[in-house]
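Given the structure of chain R, go ahead and fit chain L onto it with the hints provided.
In case you want the letters, here they are:
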Amino acid sequence: MSRVSGIGGRLYRGETSFDFIGKRRTWYAISALFLILSAGALGLQGLKLGIEFKGGSSFMVSTNNPTVAAAESAVKGTGYSGETVIQKIGTGKIRIQTGDLTNAQSNDLQNALAKTFNVDINNIDTQSIGPSWGKEITRKALYGLFGFLIVVMIYLAMAFEPKMAIAAIIAVIHDVFITVGIYALVGFDVTPATVIGFLTILGYSLYDTVVVFDKVRENTKAVTSVGKLTYSQAANLAVNQTLVRSFNTSLIALLPVGSILFVGAGLLGAGTLKDLSLALFIGLAVGTYSSIFIATPILAVLREREPAMKALAKRVSARGGLTPVEVSASQSSLSGISSTSHADKADRPRGPRNQPKRKRR
Amino acid sequence: MSANNVKSARSVKAPGRPARTLAILLVALVAFGALAILQGATSFKLGLDLRGGTSVTLQPRVSDGGKVTSAAIDQAVGIIRQRVNSLGVAESEVSAQGTGVNRQIVISVPGETGRRIVELVGQTAELRFRPVLAEGAGNAGSLLAASDTKTAAATTLPAGVTPALNAAYAKLDCSLATNRQGGGGDTPNAAIVACSRDGASKYVLAPAEVLGNQVSKASAAIDQQGSSGWYVLLSFNGDGTKAFGAMTTRVTKLASPQNQAAIVLDGLVVSAPRINEAINSGSAQITGSFSQTEASDLANVLKYGALPLAFDRGEVQQVSPTLGASQLHAGLLAGGIGLLLVVLYSLMYYKGLGLVSVGSLLVAGVITLLSFLLLAKWIGFTLTLAGIAGAIVSIGITADSFIVYFERLRDEVRDGRSLRTAVETGWTRARHTVIVADFVSLIASILLYFFAVGSVRGFAFTLGLTTVVDLIVVFFFTKPLVTLLARVPFFANGHSLSGFSQKSLGVVVNKEA
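Protein chains in written order, with this note's numbering: chain R, 15 to 375; chain L, 3 to 515.
A couple of the hints might just be wrong.
Said to hold, decoys possible - Lysine-lysine pairs mimicking DSBU-like chemistry, simulated, CA-CA at most 30 Å apart:
#1 68/R <-> 149/R
#2 90/R <-> 62/R
#3 149/R <-> 255/L
#4 235/R <-> 37/R
#5 69/L <-> 68/R
#6 68/R <-> 129/R
#7 242/R <-> 37/R
#8 177/R <-> 328/R
#9 107/R <-> 47/L
Just so you know, the hints here were simulated from the structure itself, not pulled from any lab data.
Same shape as in the complex, but just chain R:
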């Protein structure tokens, strides 16, 4: 652990630095590859929608060692001939999914299943979704999605700056698209719980981006007046400085989600918990990636186009730039201080202040 935090210190001072922004074309290429894969999977396979979106009924019987064949014959016995999916969940559960049933058909099937598996009819867990319902929840989810993107964009534009809002939203859209793509590719069931998961990821992915951008903003506040770093360099330093933080926040967020996924999939087999946490799990991972590799590079590119930033880049390259160590110190002392005082301060962290601590050891 302490080795990890040691890295934190080096990243903070810029002694160890990953070039996130300079190598942005590599990240873009990786993302583009994922996006193409996602689009392909979506186009070719499509999403495997749960009955909640298509309409239909689902019956779950809990009993000792149910067999698919027994369930099949029970369904056939009722005279229902539509599409049926029968699935064993764990050892003690079997799930029968059918198309849309009338009340009478549904009652018949429940009776037949109760008889076949010798269980009380009230112990069959049923779910039935009307055919128009799926459209309704899809519509609502889309409203929620667009409403969210717009409101958050306005909020971020106010809290930070418009270009940060744009970069953050692009990253979020990237996350949603890739997450959906993974669902299509692997063929996970998409249920309303999955959709909740998606929408929550949006919030979370932004949380991560906000943490990084807040540091970027701080590092770049005085970038033109200090004139030692280009916007991109300052932003890259910010990403490096927040790397440990991003790693920790994502890991801490993933831990509970992972435990829901583990318990939901392991104990219950299927249902709300599993669907929700799977979407969150995938989304969180993608979200962390995008706030580091996508959001900040896009922001840097957007800002570098500004005439002031172009001029800055010219000045910096003329001076030959500075080593990152001094940069981190200059960031902490902000603007309006001459470069000589910078040099003084840059030395301070290793100066006499630390001596007593060393002695104590």
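Then chain L, alone, in the frame of chain R:
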């Protein structure tokens, strides 16, 4: 050193009084807990997915192409509530979820009544005007006098009441809730027996003469002179005017109770006003000793009649108590494991500082649980599986706020600040990040809440609630606590277990090691 002092004078605010803030929070927490106990809010309200039961979501739809209005949905909720309550299952609930005309009606009934519910709530409720043939108390017997029962001649019965209707009338006991279910059995062109909504009276009613969709307007109004108080104004469309005119012209001449016209909604008599005169103008007034609520309720019933809603079955979910119990168990287990993992990681990574994060999570947990209890009491907040999932997910998000602050703090110490100074400078910077990030979470949960139905709302609600709790905890617990701890030598001197040791911060680029 001097440069550092100048800086702290400029950008660092005084630390405030952390001990006092903590004490206030403690007092507030105790008060909150006492409030919960005083209010008798000591148990969670579990959703049907955690204890078994049936929930039905209905999507209102206008049968003949009109538009769904908000008032019609309110009315429909009332009708369905009446139907569901007639089942007599404790803690049944009927509510509309969503906003405006985009609302769904959600019915939840605990226990094992699934099938009946589904059949009961799906029917369209209609409004009709029927002339009254006979009226009696809710549990009255036959309309024949005791001496007449042997002969049972049709001639002794009120006009239009057949022996069969009389038998049905005698059998119907309106004092039983099950007989006030409403729903079917209200064929417009046949005479019926019906209860009043409250069960106090029962009626034999002639075939319907005016239909609900012939009502064009209805409203409650107050007589400005104050002589007759609140009344209901009612007007009909073309067909309605003719039909209502014909009915009133005929019945007004009859003796009581046959000079009354019953307003029947969903098979139950809402009101049976006496017709004082023939009304051919197409607009009528219903007067009586109405309160404002009674008058507007009646007006709403009449308005609804103009636009009866049909219900599309949205979602029906029936969870057995066994599955409910195992879902509850799984939810709690996942929460426990998640919390444990977060605590372990915090302690391993942040060592002494990790204890602050554990303490903060504990405080956040207590506030959240107390809120759940009180909200269950006040607004009937129900904890569902998705809600529990929301709470678990929020463990991570809450802990993230601490990390944002701790990492800032460590950055400041890396810059060479003393811990006491770093606590303040780090806070001013971390605060902004935490507020913006939590605000984004809050926006997400509010939008989720308003754009979703059923279980999603439970998730959004807990997520939103815990985000607010997170802000409270970070501001009033974590920050003051860290300020206090920074004065303790263990932390201030960077003990190897404090989370601020030079080694764990990587302050020293170790040439020796």
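Q.
Hint check: residue 90/R vs residue 62/R, CA-CA at most 30 Å. Holds or violated?
A. holds, 25 Å
Q: Compare the distance between the alpha carbons of residue 68/R and residue 129/R with 30 Å, and conclude whether the hinted pair is satisfied.
A: Satisfied, since the Cα-Cα distance of roughly 28 Å is no more than 30 Å.
Q: Take the C-alpha atoms of residue 107/R and residue 47/L, compute the straight-line distance between them, and say whether it is at most 30 Å.
A: Status holds; Cα separation ~28 Å.
Q: With a cut-off of 30 Å on the C-alpha distance, tell me whether residue 242/R and residue 37/R pass.
A: holds, 21 Å
Q | Distance restraint between residue 235/R and residue 37/R, which requires alpha-carbon spacing of 30 Å or less | A | Holds, because 23 Å separates the two Cα atoms, which is no more than 30 Å.
(Q) Hinted pair, alpha-carbon criterion (30 Å max): residue 149/R, residue 255/L. Please report holds or violated. (A) Roughly 55 Å between the alpha carbons, so the hint for residue 149/R and residue 255/L is violated.
Q: Measure nothing beyond the straight line between the CA atoms of residue 177/R and residue 328/R; if it is 30 Å or shorter, mark the hint as holding.
A: holds, 22 Å
Q) Taking only the CA atoms, is the gap from residue 68/R to residue 149/R under or equal to 30 Å? A) The given pair, whose Cα atoms are some 8 Å apart, holds under the 30 Å limit.
Q) Is the Cα-Cα distance between residue 69/L and residue 68/R 30 Å or less? A) holds, 25 Å
Of the hints listed earlier, the one the structure fails to meet is number 3.
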